[in-house]
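Trainee: Sequence:
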Amino acid sequence: MLQGMINIPLIEDELAVRVVAYQFDNSGFINNVAASQPFPASHAAEAGGGVVQDRNDVGNDEYTGFV
Numbered sequence: 083m084l085q086g087m088i089n090i091p092l093i094e095d096e097l098a099v100r101v102v103a104y105q106f107d108n109s110g111f112i113n114n115v116a117a118s119q120p121f122p123a124s125h126a127a128e129a130g131g132g133v134v135q136d137r138n139d140v141g142n143d144e145y146t147g148f149v
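Take the sequence shown: its letters are residues 83 to 149, numbered as in our numbering.
Simulated from the structure, these hints should not be mistaken for lab results.
Glycine included, C-beta positions come from ideal geometry on N, C-alpha and C.
One thing to keep in mind: the hints can contain errors.
Label-pair restraints from in silico Cβ distances [claimed, not checked]:
#1 MET87 <-> VAL140: 28 to 36 Å
#2 VAL140 <-> ILE93: 47 to 55 Å
#3 ARG100 <-> ASN142: 25 to 33 Å
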């Protein structure tokens with residue numbers, strides 16, 4: 083997580099500029115192990131999945147922005 087803010091007064095007690103930036107990186111919480119799939123690998127190709135593979139951090143996301 084990264085956050086920052088800058089506040090610059092242009093006219094004292096009347097006008098200022100504020101910039102806020104942020105970045106959040108949420109790690110995934112699911113480890114999808116190919117051996118735990120409920121159907122054989124041959125059915126994965128029929129379902130459009132191709133080769134069954136182990137995947138870590140399924141469900142991870144990242145948000146970046148500024149105001």
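Trainee: The structure should be examined with respect to each hint, and the outcome stated for every one.
Mentor: Quick rundown of the hints versus the structure:
1. MET87 <-> VAL140: 28 to 36 Å: holds (33 Å)
2. VAL140 <-> ILE93: 47 to 55 Å: The hinted range 47 to 55 Å holds for VAL140 and ILE93, with Cβ atoms some 51 Å apart.
3. ARG100 <-> ASN142: 25 to 33 Å: Holds: the Cβ-Cβ distance is about 31 Å, inside 25 to 33 Å.
When each numbered hint is compared with the structure, no violation occurs for any of them.
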